[in-house]
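Trainee: Based on the sequences and whatever the hints tell you, model everything.
What follows is each chain in one-letter form.
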Amino acid sequence: MHPTVRRLSALGTAGALAVGLAACGGGDNNGRRASAGALSVAAANKVSGPALVKDGTYYNGIPDPAAKKGGALKVISTEGFQHLDPGTAYFQGDYNITSVVHRQLYTYDPADSSKVIPDIASGDPVVSADGKTVTVKIRPNIKYAPAVGGTVKADDVKYAIERGKAASVANGYITSYFGDVVGMEKATGGKVAGIETPDDQTIVFKLDKPSGATLAKALVLPLSSPIPRAYAESKDKKTPNPFDQDPTKQAFTGPYMIKSYEAGRELKLVRNPNWGGKAAGDPRPAYVDTIDVAIGGDSSVNARQVQNTKNTISIDPAPKDAVARYKTQSPKQITFSALGNRYIALNTKKKPFSDLNVRKAAAAVLDRQSMRKQRGGDLVGEIATHFLFPGSPGFDEAGGEAGTGADFLKSASGDLELAKSYLKKAGFKDGMYTGPAVTFVGDTESPGRETTQVAKNSLAKIGIKVNVKSVQHTAMYQKFCQVVKSMQTIDGCPNFGWLPDFVDAGPMLSPVFTQKGIQPTNMNNPSLFADPKIDAEVDKGLRTADEAQRNQILGQADKDITDQVPAIPWLWDTQANIQGPNVHGVIASWNSVWDLAYTSLGS
Amino acid sequence: MTDPLLDVRDLRVTIPTEDGDVHAVSGVSFAVEPGKVLGVVGESGSGKSVTMLSLMGLMRRAGARVTGEVRFGGTDLVTADDRTLRRLRGDDVAMIFQDPLSSLHPFYRVGSQITEGIRAHRDVSRKQAKERAIELLGLVGIPRPHQRVDDYPHEFSGGMRQRVMIAMALANDPKLLIADEPTTALDVTVQAQILALLQRLQAELGMAVVMITHDLGVVAEIADDIAVMYAGRIVERAPVKTLFRQPRHPYTWGLLRSIPRLDLPRDVDLVPIEGRPPSLIHPTGRCAFQPRCAYAARCCGTEDPALTPVGSDPEHLVRCDMDEEQGTRIWSALAAGESPEQAALAAGVPTTGTAA
Amino acid sequence: MTRLLAPVVRLLARLLAPVAALWDRFARTLPGRVVVRVFGPTVRRLVSPTARYIYRRLVWMVFLLLVVSMLAFLIFYALPSGDPAAQRAGKGADQAQIDRVKHTLFLDRPIYEQYFHYIKQIVLHFDFGFSYDTNADVAHAITSRLPATISLAAGAAVIWLIVGVLIGILSALRPRSFFDRLVMGGALLGISAPVYWLALVALALFSQSYGVIHLIPDTGAYRPLTEDPGAWFTSLIVPWCILALSFAAIYARLMRANLLEVLDQDYLRTAEAKGLSRRRVVVRHGVRSAITPIVTAFGLDLGILLGGAVLTESVFNIPGIGRLSYDAIVASNLPVIQGTVLFAAFFIIAANILVDIVYALIDPRVRLA
Ligand SMILES: Nc1ncnc2c1ncn2[C@@H]1O[C@H](COP(=O)(O)OP(=O)(O)OP(=O)(O)O)[C@@H](O)[C@H]1O
Ligand SMILES: [Mg+2]
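Protein chains in written order, with the numbering used here: chain A, 1 to 603; chain B, 1 to 356; chain C, 1 to 369.
By construction, these hints were calculated from the structure, which means they are not laboratory data.
Do not take every clue at face value.
Listed below are the simulated DSS-like cross-link pairs for lysine-lysine, each with C-alpha atoms no more than 30 Å apart in a straight line [said to hold, decoys possible]:
(1) Lys238/A x Lys132/A
(2) Lys533/A x Lys132/A
(3) Lys540/A x Lys115/A
(4) Lys115/A x Lys186/A
(5) Lys485/A x Lys120/C
(6) Lys373/A x Lys332/A
(7) Lys69/A x Lys132/A
(8) Lys310/A x Lys320/A
(9) Lys351/A x Lys425/A
(10) Lys237/A x Lys102/C
(11) Lys425/A x Lys461/A
(12) Lys469/A x Lys102/C
(13) Lys237/A x Lys120/C
(14) Lys143/A x Lys115/A
(15) Lys429/A x Lys456/A
(16) Lys235/A x Lys102/C
(17) Lys516/A x Lys102/C
(18) Lys259/A x Lys278/A
(19) Lys410/A x Lys429/A
(20) Lys465/A x Lys485/A
(21) Lys209/A x Lys102/C
(22) Lys132/A x Lys516/A
(23) Lys69/A x Lys479/A
(24) Lys120/C x Lys461/A
(25) Lys238/A x Lys102/C
(26) Lys479/A x Lys516/A
(27) Lys373/A x Lys115/A
(28) Lys238/A x Lys120/C
(29) Lys540/A x Lys137/A
(30) Lys186/A x Lys102/C
(31) Lys235/A x Lys120/C
(32) Lys102/C x Lys249/A
(33) Lys191/A x Lys120/C
(34) Lys238/A x Lys259/A
(35) Lys237/A x Lys249/A
(36) Lys485/A x Lys373/A
(37) Lys259/A x Lys186/A
One-sided and incomplete, this derived list gives chain B residues near chain C with beta-carbon spacing under 10 Å [stated by the list, open to error]:
(38) Leu58
(39) Met95
(40) Ser102
We treat Cβ as the ideally placed atom computed from N, Cα and C, and that holds for glycine.
Mentor: What follows is the structure, given as structure tokens:
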């Protein structure tokens, strides 16, 4: 047996998994099923409005206005945390904690995560017409927890972002979303000229390029959690960073603060007496008094204990066996939420997949149904028909659940005749591929190993022989699929997947299917796919501040990308979240897992 | 004839094994008088050790079934309970074993191994026991016994270890000492020393000794009587002089013809007679020696011959039906150095009976 | 992981034997020729051969640990696992960012320099670096988890030693009896029963929250002995038994076989012929000999277990070293891998030395040299 080691089996770059998405955590409400037999997550995602919605079967993770205050919540985390410094944190599990002990400039409306509301900020960000200036005003009355003291000033936010470039903090997304700020590229933790603070309540970001709309969206990320320069500057020069090694030293602004932490063992949160609550503009209820996180153990055993232990909640995805059991035995204690996508990346710069028709043939013949079965069946997600996943902005605009209309993704179990017809178009007589064998880099671990095998068998039906080079999941990313040079000998990466950093279509498409995503190492576009038309389209979307317009453009981009088949989408993941009796968990839909600041206990 | 110290009657030992019951001893009777030495001779596997071990109840653990009678000082050791036996062992009856290298516990000092035996039977202090151990070591001829008493067995040579074994056996002044091939594992020169030691001690201490060996030469000097064993039985028993002068059993002839001499290499194996010992698991009910006997045509019928006195001598018993005169003739031919075939021919015995 | 390490360390020790011989000679002269020459005779009289032996073995241990750490470094360097700097820098990081992370993690230096730095920090400051994953101090992570691992291993060891040896003796005294057949059959089951499965069954039967009878606390209830002896005991009793089961089974079989062999030895017959009581024969003469191979096995098994018992620690959520090292390997977290490997190797080598010393104490034929 292996404990679930999510940080490796999950999507995205193994080392840096950020999660954030728009599925309101609807469960499998009434067993409605999509055509492919999947859980109908998309349908459930449509829930909106603050009302408590119970359909008689499942809680759906919507805040309960009648919830009680008080009590001690016990949290079980099989995996534990990595970095709890909000400047470094880049994992779903870490966000669980950073989000309740810190406040950022913006946060998500708990009832509708596609909506961003001001948090430390006192109003919406103002993006200039040329997209090169973003101005944010902050509230004057936000206090730090007693250990640090004082009120939050604009410079604290400026410093919080600047320190992201310090080697000891090394924020993982700062380049992607704040890289265009004037002076940011060269910065190494010191002052950045492009972040101005004309007064204590005003922050102005000055950009080299017109990417202000996207930067404004990224202000929900934990990097903007304030920390006083005077308090932190000297500590930030140390390696390892003291705020990460001992997070009790952080400058807390959230409803809770970290009382004690022993990596891999336990984390204790208590109320932050200086948190102002609604009066200080934080809409979160913060029901429970204390939160004790027990780290470690075995996911199956933990899931069983949670099922039977009052006031306990698990922040790990539930293991397969537990999901089935909860669904029959205690359906009120399980909630599903959407979580990114999975696809087979095809190298568009190398024969044979440089030929669009061969790519279409591969997509047509792929038995996505079997691949999902290998991964765990309909409980693990829906069969994908494009890249934006249910609940993501732009999902509906790209065609929703039905798909973009691309014929080669119509059949979930593969369409051999259609595949052959595409191969004929590609110049292969009889519709059978006759070229040399191709090479995929797959996983040595389950379930990636098995799904790769399915892909291999599918492609064999049209004569494409796949040699699978199996390596450790991490190595697959960092030594092969993320290195341009390595990709010269590789035709496909079958175990790729992607999660957005925040609720927006841009981060789902730009890093993975545009020229931006191609760099010598640590790149995220293993398809090496760069189409000037699509690049321009995505760029336009990223620069558009208007929500509806932005989603329209990016949704269309998703369609266009799907048509070019740089990768074959095959799964939209769902995560199963479980809780014990007497707990009313609420899903932080942007993080796809419980939000501890909304979770309450019964009598 | 004085009352015997040890009187064994019709001793039978059967050992159950996975292949079947091994009839290791099938009806052995003999007696040892106080202060006398009995030599028990026979080739390997003839049941000598099993006989002696069962006397002391040491075959019980192997699950052996023992029947018959073993009288020692008024008690029947066959039916005696474990406590009675334990009281006798190492006290009135002591034993020395074949291999001194493996018969001492490697982890304990020789002194403590001796005192352990003393304190099991005598209520003496540790100190007294140790003094006795030193005395004993001196008695068996170990130099500097004060120091050697604290040494471990591996610090002694083979011969010295056998001396330690003897000292251990003598610890409680036994009335009967059973020496199971005490010299087999030793060098020829050391063998002689140990034999001389035993002879001296026997004379000095006046105890009875049962000396087991497969070498007749070893017991010739020391024994009063000799019992020859074959396949779990005594085939011939006589005072030592009689046996050497007038051996009656063809097996004894073979043994006598093959006494090793000092000028020969010591590991020349003693195969007195061609052929292999019979299986003890499935006894035929016939004379067990018949298949190997060069003269079988003359004596054995289908019956197993009984142990009967030779002529009028009640002290000389033999398990052979051959007539006396013929026997004498064959032996004199053999003693003159002729081969069994020649001897048989001379005595007019057809050799066709020599089965393999 | 430490299960795998043990044979590797032993193989290493064997392969390096010629070096050891040289080293031995070197170490013998190391205390300084002058000292030896001037004080030689006095030193020889004062320092027992055992002390000299231990000293030499300790030097040898340090050398082996160096080799083990070097190998771990090389393996990590050579095998295609993740790039820790890229992992740390995040998926959107550019090359400059990665390079800076590399620099702070010391990964931009040549490997020998990294290694030298690593060893230097250990020797000078007992600093094993910090985790790539959590920035936690490795020395602290290991030493703070050591008590749990020791508690688990030692408790289980006591159980399996007592139970295994007793059952082995009873079986050997009545071979092929009903009892013997029963327990030896049970032992076969015990050896083959997977720990993980046993643990799940035990929890399903007895756990506080979902057991059939609520007998034992939920997993994760472990508290240090010094903090809460009651919780320490109740949280460990089932893990002890489960961990001990397969060992007890192996030891029972080993003890039975050894004792049967010893009972057949000539010197046992001698003891019996001396008229000693049965108990004295079996215990003082039989068990004393039969236990020696057990002592060897015990030392090594305990040494290996002190490196962490991954499965038991994971299922019962006992914060020990096993889980730490497992997670580190899965995450290519070099500093933690290094630290745990070194500790595990230390325990294995130390156990080897201890076993040799104890062996020499038990068996007078063995001389430490
Ligand atoms: N414990 C036992 N289990 C089974 N068979 C046994 C056992 N002890 C002795 N035997 C068998 O009993 C027979 C007689 O053995 P014993 O040891 O008495 O022979 P021996 O005359 O002493 O031979 P040696 O000269 O080799 O010592 C042999 O066939 C032997 O294999
Ligand atoms: Mg014998």
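Trainee: Would you mind marking each hint as holding or not holding in the structure?
Mentor: Here is how each hint holds up against the structure:
1. Lys238/A x Lys132/A: Roughly 34 Å separates the two Cα atoms, so the pair is violated.
2. Lys533/A x Lys132/A: holds, 23 Å
3. Lys540/A x Lys115/A: holds, 21 Å
4. Lys115/A x Lys186/A: violated, 33 Å
5. Lys485/A x Lys120/C: violated, 36 Å
6. Lys373/A x Lys332/A: Measuring from Cα to Cα gives roughly 25 Å; hence the hint holds.
7. Lys69/A x Lys132/A: violated, 44 Å
8. Lys310/A x Lys320/A: holds, 22 Å
9. Lys351/A x Lys425/A: holds, 15 Å
10. Lys237/A x Lys102/C: holds, 15 Å
11. Lys425/A x Lys461/A: holds, 17 Å
12. Lys469/A x Lys102/C: At roughly 28 Å apart (the allowed maximum being 30 Å), Lys102/C and Lys469/A satisfy the hint.
13. Lys237/A x Lys120/C: The hint holds at about 22 Å.
14. Lys143/A x Lys115/A: holds, 25 Å
15. Lys429/A x Lys456/A: Roughly 22 Å separates the two Cα atoms, so the pair holds.
16. Lys235/A x Lys102/C: Roughly 20 Å separates the two Cα atoms, so the pair holds.
17. Lys516/A x Lys102/C: holds, 23 Å
18. Lys259/A x Lys278/A: It holds: about 23 Å lies between the C-alpha atoms, which stays within 30 Å.
19. Lys410/A x Lys429/A: Since the Cα atoms of Lys410/A and Lys429/A sit roughly 24 Å apart, the hinted pair holds (cutoff 30 Å).
20. Lys465/A x Lys485/A: OK: Lys465/A and Lys485/A at ~23 Å, within 30 Å.
21. Lys209/A x Lys102/C: OK: Lys209/A and Lys102/C at ~29 Å, within 30 Å.
22. Lys132/A x Lys516/A: holds, 19 Å
23. Lys69/A x Lys479/A: violated, 50 Å
24. Lys120/C x Lys461/A: Cα-Cα ~58 Å, so violated.
25. Lys238/A x Lys102/C: holds, 15 Å
26. Lys479/A x Lys516/A: holds, 20 Å
27. Lys373/A x Lys115/A: Cα-Cα ~34 Å, so violated.
28. Lys238/A x Lys120/C: holds, 19 Å
29. Lys540/A x Lys137/A: holds, 26 Å
30. Lys186/A x Lys102/C: Holds. Lys186/A to Lys102/C sits at ~17 Å (cutoff 30 Å).
31. Lys235/A x Lys120/C: At roughly 24 Å apart (the allowed maximum being 30 Å), Lys120/C and Lys235/A satisfy the hint.
32. Lys102/C x Lys249/A: The given pair, whose Cα atoms are some 26 Å apart, holds under the 30 Å limit.
33. Lys191/A x Lys120/C: violated, 35 Å
34. Lys238/A x Lys259/A: With Cα atoms ~22 Å apart, Lys238/A and Lys259/A stay inside 30 Å; holds.
35. Lys237/A x Lys249/A: Between Lys237/A and Lys249/A the Cα gap is close to 15 Å, so the pair holds against 30 Å.
36. Lys485/A x Lys373/A: Roughly 34 Å separates the two Cα atoms, so the pair is violated.
37. Lys259/A x Lys186/A: Between Lys259/A and Lys186/A the Cα gap is close to 36 Å, so the pair fails against 30 Å, i.e. violated.
38. Leu58: holds, 6 Å
39. Met95: Status holds, d = 5 Å.
40. Ser102: holds, 4 Å
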